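Sequence order for the protein chains is A and B. Residue 314 in this note's numbering sits at position 282 of the first sequence, and the numbers go up by one each step. Residue 83 in this note's numbering sits at position 51 of the second sequence, and the numbers go up by one each step.
Be a bit skeptical, because a hint or two may be false.
Because identical chains cannot be distinguished in the list, a pair is counted as satisfied if it fits within a single copy or across any two copies.
[Claimed, not checked] Cross-link-like lysine-lysine pairs, in silico, DSBU-like; alpha carbons within 35 Å at most:
| # | residue 1 | residue 2 |
| --- | --- | --- |
| 1 | 482 | 231 |
| 2 | 542 | 125 |
| 3 | 436 | 125 |
| 4 | 125 | 37 |
| 5 | 48 | 79 |
| 6 | 542 | 482 |
| 7 | 542 | 383 |
| 8 | 361 | 482 |
| 9 | 489 | 345 |
| 10 | 230 | 370 |
| 11 | 141 | 397 |
| 12 | 172 | 230 |
None of these hints come from the bench; they were simulated from the model. Fair warning: this is a prediction, and the values are worked out from it, not measured in the lab.
Protein chains: 2
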Amino acid sequence: MQLRKIKRALLSVSDKSNLIPLAQGLHDLGVELISTGGTGRALQEAKIPYTDIQAVTGNPEAFGGRMKTISFQIGSALLFDRERDAQEAQNLKIEGIDLVVCNLYPFQKVQEAGADFPTLIENIDIGGPTMIRAAAKNFKDVAVLVQSSDYEGFLAELQSQNGQTSLALRQQLMAKAFNHTADYDARIAMRMDEELGKKSLRLSFKQGRSLRYGENSHQAAGFYRENSSALSLADIRILHGKALSYNNLLDVQGAVDAVQGLGGQAVAVVKHSNPCGLAKSMDQRTALEAAWSGDPISAFGSIIAFNQPLELKTAEFFQLDAEDRSQRKFVEVVIAPKITAEALEYLQQHKNLRVLELDIAGLEKAVDYRYLSGSLLVQEADLALYNQQESVTARPFPSDEAAKGLVEFGLQAIKSIKSNAIVLVQAVNQQQYRILGMGAGQPNRLVATKLAIEKAKENLQREGAEDVAGILGQCYLVSDAFFPFADNVELAAQAGIRYILQPGGSIRDKSVIAACDQADIAMLFTGLRHFKH
Amino acid sequence: MQLRKIKRALLSVSDKSNLIPLAQGLHDLGVELISTGGTGRALQEAKIPYTDIQAVTGNPEAFGGRMKTISFQIGSALLFDRERDAQEAQNLKIEGIDLVVCNLYPFQKVQEAGADFPTLIENIDIGGPTMIRAAAKNFKDVAVLVQSSDYEGFLAELQSQNGQTSLALRQQLMAKAFNHTADYDARIAMRMDEELGKKSLRLSFKQGRSLRYGENSHQAAGFYRENSSALSLADIRILHGKALSYNNLLDVQGAVDAVQGLGGQAVAVVKHSNPCGLAKSMDQRTALEAAWSGDPISAFGSIIAFNQPLELKTAEFFQLDAEDRSQRKFVEVVIAPKITAEALEYLQQHKNLRVLELDIAGLEKAVDYRYLSGSLLVQEADLALYNQQESVTARPFPSDEAAKGLVEFGLQAIKSIKSNAIVLVQAVNQQQYRILGMGAGQPNRLVATKLAIEKAKENLQREGAEDVAGILGQCYLVSDAFFPFADNVELAAQAGIRYILQPGGSIRDKSVIAACDQADIAMLFTGLRHFKH
Numbered sequence: 033m034q035l036r037k038i039k040r041a042l043l044s045v046s047d048k049s050n051l052i053p054l055a056q057g058l059h060d061l062g063v064e065l066i067s068t069g070g071t072g073r074a075l076q077e078a079k080i081p082y083t084d085i086q087a088v089t090g091n092p093e094a095f096g097g098r099m100k101t102i103s104f105q106i107g108s109a110l111l112f113d114r115e116r117d118a119q120e121a122q123n124l125k126i127e128g129i130d131l132v133v134c135n136l137y138p139f140q141k142v143q144e145a146g147a148d149f150p151t152l153i154e155n156i157d158i159g160g161p162t163m164i165r166a167a168a169k170n171f172k173d174v175a176v177l178v179q180s181s182d183y184e185g186f187l188a189e190l191q192s193q194n195g196q197t198s199l200a201l202r203q204q205l206m207a208k209a210f211n212h213t214a215d216y217d218a219r220i221a222m223r224m225d226e227e228l229g230k231k232s233l234r235l236s237f238k239q240g241r242s243l244r245y246g247e248n249s250h251q252a253a254g255f256y257r258e259n260s261s262a263l264s265l266a267d268i269r270i271l272h273g274k275a276l277s278y279n280n281l282l283d284v285q286g287a288v289d290a291v292q293g294l295g296g297q298a299v300a301v302v303k304h305s306n307p308c309g310l311a312k313s314m315d316q317r318t319a320l321e322a323a324w325s326g327d328p329i330s331a332f333g334s335i336i337a338f339n340q341p342l343e344l345k346t347a348e349f350f351q352l353d354a355e356d357r358s359q360r361k362f363v364e365v366v367i368a369p370k371i372t373a374e375a376l377e378y379l380q381q382h383k384n385l386r387v388l389e390l391d392i393a394g395l396e397k398a399v400d401y402r403y404l405s406g407s408l409l410v411q412e413a414d415l416a417l418y419n420q421q422e423s424v425t426a427r428p429f430p431s432d433e434a435a436k437g438l439v440e441f442g443l444q445a446i447k448s449i450k451s452n453a454i455v456l457v458q459a460v461n462q463q464q465y466r467i468l469g470m471g472a473g474q475p476n477r478l479v480a481t482k483l484a485i486e487k488a489k490e491n492l493q494r495e496g497a498e499d500v501a502g503i504l505g506q507c508y509l510v511s512d513a514f515f516p517f518a519d520n521v522e523l524a525a526q527a528g529i530r531y532i533l534q535p536g537g538s539i540r541d542k543s544v545i546a547a548c549d550q551a552d553i554a555m556l557f558t559g560l561r562h563f564k565h
Numbered sequence: 033m034q035l036r037k038i039k040r041a042l043l044s045v046s047d048k049s050n051l052i053p054l055a056q057g058l059h060d061l062g063v064e065l066i067s068t069g070g071t072g073r074a075l076q077e078a079k080i081p082y083t084d085i086q087a088v089t090g091n092p093e094a095f096g097g098r099m100k101t102i103s104f105q106i107g108s109a110l111l112f113d114r115e116r117d118a119q120e121a122q123n124l125k126i127e128g129i130d131l132v133v134c135n136l137y138p139f140q141k142v143q144e145a146g147a148d149f150p151t152l153i154e155n156i157d158i159g160g161p162t163m164i165r166a167a168a169k170n171f172k173d174v175a176v177l178v179q180s181s182d183y184e185g186f187l188a189e190l191q192s193q194n195g196q197t198s199l200a201l202r203q204q205l206m207a208k209a210f211n212h213t214a215d216y217d218a219r220i221a222m223r224m225d226e227e228l229g230k231k232s233l234r235l236s237f238k239q240g241r242s243l244r245y246g247e248n249s250h251q252a253a254g255f256y257r258e259n260s261s262a263l264s265l266a267d268i269r270i271l272h273g274k275a276l277s278y279n280n281l282l283d284v285q286g287a288v289d290a291v292q293g294l295g296g297q298a299v300a301v302v303k304h305s306n307p308c309g310l311a312k313s314m315d316q317r318t319a320l321e322a323a324w325s326g327d328p329i330s331a332f333g334s335i336i337a338f339n340q341p342l343e344l345k346t347a348e349f350f351q352l353d354a355e356d357r358s359q360r361k362f363v364e365v366v367i368a369p370k371i372t373a374e375a376l377e378y379l380q381q382h383k384n385l386r387v388l389e390l391d392i393a394g395l396e397k398a399v400d401y402r403y404l405s406g407s408l409l410v411q412e413a414d415l416a417l418y419n420q421q422e423s424v425t426a427r428p429f430p431s432d433e434a435a436k437g438l439v440e441f442g443l444q445a446i447k448s449i450k451s452n453a454i455v456l457v458q459a460v461n462q463q464q465y466r467i468l469g470m471g472a473g474q475p476n477r478l479v480a481t482k483l484a485i486e487k488a489k490e491n492l493q494r495e496g497a498e499d500v501a502g503i504l505g506q507c508y509l510v511s512d513a514f515f516p517f518a519d520n521v522e523l524a525a526q527a528g529i530r531y532i533l534q535p536g537g538s539i540r541d542k543s544v545i546a547a548c549d550q551a552d553i554a555m556l557f558t559g560l561r562h563f564k565h
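Next up, chain A with everything else stripped away, as it sits in the complex:
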């Protein structure tokens, strides 16, 4: 355990929260408190006795507070080796300090408050990091607290250990301290670069865990939580099933993104990051059935996300208890903001199914990073749907509420599909939309259009639709980018498509619109491309 009694503690905090209970607790344990000016005044008000740091250093607080703690006396008291250097310390009249409680000038806070540059500079703490780092280096004998939320637990530990700390605790505090100073200087460095017109970026991740492997079994892999994230994909709660794999996590992101912008009851069925099924309805079970019907073959082994708490009735769609095993619908992952107890019990019948909870709506995704060899692409997330809705054809694109609903659903869908992407969306009724067919990831847009139409036809035929072309004539075909040529329109016209959405903006828009007019197709320009790679 290598227990060390805390006899003297140095308190120098910028954030005074939780200070008094800690100081009182330390005092009650017989610890001598040393304190700097502001911290000392707080102790005085609480009638907790302390030694002013000037009495220890022999120096005044000087230069507008820039010099308070930096001194041979404090540095030595924290750094000397309690065994090796004991005699030397005695000769030099250095008495050890066994605990540092310090938090730093709030550089981040004043930065976020929009402080001017001189104020920022004044808020770069020099003495604080010196004490923290000195104490941390000498963790063999010294403890360090850098966060006010840690005080209570620390004091409890101390009280239970007769005023002593264990080596394990001191080592944990040490690691935390170096993370703290690393974060602090990272923020300062970025801001100082910015002031010089240089852009630098420091990202920090923790809670890393090993994954069984990466995209393939010969690739070692891990998963980390971003330090600064309020809510992270790493916060997923696994209610049932094995640990998530690398590919699961990629697909979960795709599924979560796909349902995130949708209201009502939304369900995404994802395979290889692409939603091969997506639907929205007032009823969850109906939405799942509709999403599943977008590609009932690929849906096997898929990742499925719900934007609302998952109900038993919905989960029963998977028929996990069907006697005929071929009726059982195996999926890899089910994720929802909440899984009801009954749904969970039902899903647990399948050993290999992963059942996850995550506050999907709360997941912020303002920024997107993409790592390329030795470099990083950064971009704002693609959050907008359109910046105009302009009917550009002789046949007007409808603008009633029903049409708007399907337009928005179609744009949400296309935003989630990898480029080049085409999706056909259907309003099964006023309150129910689904992907009827989609084409993803094609070098050639025409092939994506073909894939979407073929899948839609296949789905309708399987469902026994009598008037396939008639139904396709009610669907909206959505393109993630403009049509470079009229060929896509001609292909769509042949299949009976009557409504097309696209950003517009090609030099050949005229001929594309002419092809629409020729085929009596209504076309809407949205003004916004949705490439996704």
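Got chain A; can you put chain B on it based on the hints?
Just chain B now, kept in the frame of chain A:
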């Protein structure tokens, strides 16, 4: 300019390189040198006079060297405001120090050398960061040098400015100093976490520049270079054309990855990150033609990478000077390890073509990062091709050199294509391979197979091949993952395919092999999946 004369400098360096010329130069400019122990001995040997730091601090070097510089005297000399605090400094007998030259205990070096934990702890510098950060905070008056490679330029500046530094220089040095301490503590923090069995990760990027926009015009974007990278995609040299866009950079990565593992003359034609064309030959022009022929429609507007210096004869394939404009082959980006002067001159005819140089072979890509909402996936790059080559069918898969060449080419190709992926590769002759057709990014593998076969047929027909099925019978069909069912084999058999490569490992391998035997197809199990998302 806010010039500041350097009167006193503090030298305390762990890395002694370039020290003496700097010290001599400072001395010649009349600067008083203050030095710690080891640095002082180096000065003494070089017969450069200096003041021992103990004479300034009034304290001994103590505790095995843990205490050398931390003191009220040094802290004050660096931190006091030369205007506001001048009188106070005089009262306290503090004389300013105007320059700190300091590099830190080599924590990283001893870590990489495999030092034990106590040695690592001893190599955490406390005094150094204190001096560096104090000098940096007070950059209004004080300069700081943290890297020996900066000494020479700094001295030259000083000599040209009559021993003075400008505010601009001091501010640059300040930003560098905080980057240095941020890097230092980042490394310590990660190592200390590791010691506790915790995994944390800190990534650092610099040289950030804004891109016109991200994947789409409504997304702001930037591109950064990774600090620790020896060679980065950000090191691309643009010889001609506009700045690279976000999507260009994504595609360049795809194109570079696709040619990187290939010998001979290799060319990749990339659209939306996927190589729709890839070829290898002994002749570069031939390779380009073969790669282009993989999808001559999608190739327009593509990104093209070469693994060897680009020659004029190759570049002329684009026919940028054709009188018939429809003959001109427009591509977005051409990248090669080198662009010959003649090729560059030719390519410059096209204003919008970007011509890039990068040492593609030298680009290391051992680790892959993937950012998900508030989290990070990390994996080893997919570098291996196969871990076995097992013929599993009645008809044996050939194992001669020619077959091996095409197998390796096919695996290189499939590794670069997004999943689910199928590629058909052809040996045009013993020394020339190409992608004949590929299917990428499909939720359903069967669709990928269909796409690859259709594209291959289309290409052969366009080329006027007489015996399409006969040629397909010589091609290798490569799957990035195992076949879950025999249907893919049946589809391939119908098209006349006789050779299939796949990892194997499905519970239905038996029925897949049986389908091969039925169709007299030879199948090779490679044992390695190549998912890419």
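Comparing the hints with the structure gives:
no.: 1; hint: 482 x 231; result: neither (44 Å within a copy, 47 Å between copies)
no.: 2; hint: 542 x 125; result: neither (89 Å within a copy, 82 Å between copies)
no.: 3; hint: 436 x 125; result: neither (80 Å within a copy, 77 Å between copies)
no.: 4; hint: 125 x 37; result: within (20 Å within a copy, 38 Å between copies)
no.: 5; hint: 48 x 79; result: within (15 Å within a copy, 52 Å between copies)
no.: 6; hint: 542 x 482; result: both (22 Å within a copy, 33 Å between copies)
no.: 7; hint: 542 x 383; result: between (56 Å within a copy, 25 Å between copies)
no.: 8; hint: 361 x 482; result: both (28 Å within a copy, 25 Å between copies)
no.: 9; hint: 489 x 345; result: within (29 Å within a copy, 48 Å between copies)
no.: 10; hint: 230 x 370; result: between (44 Å within a copy, 29 Å between copies)
no.: 11; hint: 141 x 397; result: within (23 Å within a copy, 38 Å between copies)
no.: 12; hint: 172 x 230; result: between (40 Å within a copy, 19 Å between copies)
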